Amino acid sequence: MTSLQNRLNPQTLLGGLVPQSREHWINVVLVVGLVGAAVLAHFLGERFYINLASRIAIIAMAAVGLNLALGFGGMVSFGHAAFFGLGGYVAGIAAYHAFNMTPVLGIGFMPEGTTQMLSIWLVTLLVSGLLGLAIGKISLGTSGVYFIMITLAFAQMMYYFANSWPNYGGEDGLPIFLRNELPLVDTNHHLTFFFVAATLLLISLWISQRLMGSRFGAALTMARMNPVRLATSGIDPQPVKLVAFVISAMIAGLAGALYADLNRFVSPSMLSWHFSGELIVIVILGGVGRLYGPLAGAILFVLMETWLGGVTQHWQFWLGLVLLGVVLFARGGLMGFLAGRSKDV
Amino acid sequence: MTFALVVEQILNGLQLGTMLFLMASGLTLVFGVMGLINLAHGSFYMAGAFVTATVTATTGNFWLGLLVGVLAAGVIGIVVELLVIRRLYDRGHLDQVLATFALILIFSEGTYMIYGSSPLFLSVPQELRGSLNLPFGISYSRYRMAIIGMGILVAIGLYLLISRTRLGMQIRAGENDREMIGALGVDIKTLYTLVFALGAALAGLAGSAIGALQSVRVGMGEPVLIMAFVVIVIGGIGSIKGALVGALLVGVVDTLGRIFMPLTLVTFMPPSQAMSIGSAISSMLIYIMMAAILAFRPHGLFGAK
Numbered sequence: 001m002t003s004l005q006n007r008l009n010p011q012t013l014l015g016g017l018v019p020q021s022r023e024h025w026i027n028v029v030l031v032v033g034l035v036g037a038a039v040l041a042h043f044l045g046e047r048f049y050i051n052l053a054s055r056i057a058i059i060a061m062a063a064v065g066l067n068l069a070l071g072f073g074g075m076v077s078f079g080h081a082a083f084f085g086l087g088g089y090v091a092g093i094a095a096y097h098a099f100n101m102t103p104v105l106g107i108g109f110m111p112e113g114t115t116q117m118l119s120i121w122l123v124t125l126l127v128s129g130l131l132g133l134a135i136g137k138i139s140l141g142t143s144g145v146y147f148i149m150i151t152l153a154f155a156q157m158m159y160y161f162a163n164s165w166p167n168y169g170g171e172d173g174l175p176i177f178l179r180n181e182l183p184l185v186d187t188n189h190h191l192t193f194f195f196v197a198a199t200l201l202l203i204s205l206w207i208s209q210r211l212m213g214s215r216f217g218a219a220l221t222m223a224r225m226n227p228v229r230l231a232t233s234g235i236d237p238q239p240v241k242l243v244a245f246v247i248s249a250m251i252a253g254l255a256g257a258l259y260a261d262l263n264r265f266v267s268p269s270m271l272s273w274h275f276s277g278e279l280i281v282i283v284i285l286g287g288v289g290r291l292y293g294p295l296a297g298a299i300l301f302v303l304m305e306t307w308l309g310g311v312t313q314h315w316q317f318w319l320g321l322v323l324l325g326v327v328l329f330a331r332g333g334l335m336g337f338l339a340g341r342s343k344d345v
Numbered sequence: 001m002t003f004a005l006v007v008e009q010i011l012n013g014l015q016l017g018t019m020l021f022l023m024a025s026g027l028t029l030v031f032g033v034m035g036l037i038n039l040a041h042g043s044f045y046m047a048g049a050f051v052t053a054t055v056t057a058t059t060g061n062f063w064l065g066l067l068v069g070v071l072a073a074g075v076i077g078i079v080v081e082l083l084v085i086r087r088l089y090d091r092g093h094l095d096q097v098l099a100t101f102a103l104i105l106i107f108s109e110g111t112y113m114i115y116g117s118s119p120l121f122l123s124v125p126q127e128l129r130g131s132l133n134l135p136f137g138i139s140y141s142r143y144r145m146a147i148i149g150m151g152i153l154v155a156i157g158l159y160l161l162i163s164r165t166r167l168g169m170q171i172r173a174g175e176n177d178r179e180m181i182g183a184l185g186v187d188i189k190t191l192y193t194l195v196f197a198l199g200a201a202l203a204g205l206a207g208s209a210i211g212a213l214q215s216v217r218v219g220m221g222e223p224v225l226i227m228a229f230v231v232i233v234i235g236g237i238g239s240i241k242g243a244l245v246g247a248l249l250v251g252v253v254d255t256l257g258r259i260f261m262p263l264t265l266v267t268f269m270p271p272s273q274a275m276s277i278g279s280a281i282s283s284m285l286i287y288i289m290m291a292a293i294l295a296f297r298p299h300g301l302f303g304a305k
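These protein sequences, in sequence, are chains B and S.
With the first letter of the first sequence counted as 1, position 67 gets the number 67 in the numbering used here; the numbers rise by one all the way through.
With the first letter of the second sequence counted as 1, position 269 gets the number 269 in the numbering used here; the numbers rise by one all the way through.
Hints were generated in silico from the structure; no laboratory data involved.
Small disclaimer: the values here were computed from a predicted structure and weren't measured.
Hints may contain errors.
To be verified - Restraint-style ranges between C-beta atoms, simulated for each label pair:
| hint | chain 1 | residue 1 | chain 2 | residue 2 | range |
| --- | --- | --- | --- | --- | --- |
| 1 | B | Val39 | S | Leu71 | 53 to 61 Å |
| 2 | S | Leu82 | B | Ala330 | 17 to 25 Å |
| 3 | S | Phe260 | B | Arg215 | 23 to 31 Å |
Claimed, not checked - According to the in silico footprint, chain B covers these stretches of chain S (three or more CB under 8 Å from chain B):
| hint | stretch |
| --- | --- |
| 4 | 110-119 |
| 5 | 154-161 |
| 6 | 220-230 |
| 7 | 271-284 |
Positions of the beta carbon are idealized from the N, C-alpha and C atoms, including for glycine.
Start from the sequences, fold in the hints, and give me the full structure.
This is the structure in structure tokens:
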């Protein structure tokens, strides 16, 4: 045990995580920049850009969730859209039943939906955690390519189910007529909603940081780098990975619930494998295993989508080329470029 | 629910299965020999269909179109291998997933740029139109029957290629020990390119054949690709035999599930509810089957270890 603690000194092992140096300042700039941009857009009366900032914050949050599994835990999940979409559907279904005053899922004793975000978030955390537990439990029995494909298959399962289940809109999706509410604040106000999203993003970043700075984080890092050695030191890697996967699923699910409220619409496309792929792309563009990498990646991705999408209809072609270039030639991602190579990855 | 309906659906399932086998055999070969996970395999399927549709439309000859489509998919495979895939063999699965995901974006948007968003139309060749009369008063589409026949021929051809030829021997050796066959003087780079091109051509063949049954459009490869992944995971990644068994299993289960799940549920449920629940469950059936098989055999039915 002592040798493990020596080897796993958080200062050296998690060099990229402990706030310090250039990376720390870049993290601050990213957060301040995003908040500043939203506030500026508010005073200029540019609602489009406030919503764009909210979109970045929410997508970044989902990517923070994925980064915990993929970047820190080494679990290449190709199915995180499952959790994101599930969160979206929780928000959508709750609002749908509250609007129609019918019991949830049509089951008699269930409550008649809700429009309170706090309850929605709680339910989202619960169900996406449970789904994460189920998927993680089965998928972690395998590894490598099997893991990638099984997580993909589970997400596809959800996708097809949402597509063919007619009660909640099927392939047409489910509109949320009125954005769900929070006590004391007006969520329909664009800037307020941005602050709600940004606060949750910061909380999830803080949770990631606390987790990775803890003994659990050291064990997770070791489970990725050398599971045999972790097992030798008396810690079974599987439960550690499973817990990380479940937390990762919960964060992605919560982001999905917010995303549905942002668009006031939820559809099977939130569950599509394209979205799972995009989340991986965001994590990689930002820099794998960097705490604020997902935020950097989400800013880059959404801005590219908006800017390139305005210039050409075929922006995904150029996205593909950029991505190919990053994978083949620039492996550290944006954070690697801005803050130097991580000692950890 | 007549006997004829059941037989017809089983044949439909076999047709889907043989088509999935064409896709899955390429994927599983590439994974088995090079250890590469290729998401862009569906792009070769799409490329085959588009080239076949274009050539058939200009020359009026489906068979020429099919031939050119398959060759084009193979050639695109060679180009992609030389430019991109070759750099990925030593990388982790994450890099492979990302790079081939990028290839999907490039291929899909590139095809949009060339062909626009409206689908192309490819019709079944004159010789294979109409239906075939089978015993017991069953009639079945000639073209679908031909696809099943073609799938059987390809399966036999692949078996002979792998078990009887020098190339096949090198492929098998490559699956067992990549470094060793390189050390023994086999030109491993050319071997990899050939295997990749073979997989791409098989995917192109599947796309060309299916193009006549469905519309030829961007994104047509993606649902098939994901089903092919389910197939190779069920069969065991790297195993051609597994791909064959998995493909037939997935094809038949998926097709029969879609027909018979609502029909079964209707016996103890109101019809409208049975239809919606039945279609929802049947669309998930192959994934449930996959999860169940993996729970007991984590490396698939015929996987190593």
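Hint by hint, work out which the structure violates, then give me just those numbers in ascending order.
-> Failing hints, ascending: 3 and 5.
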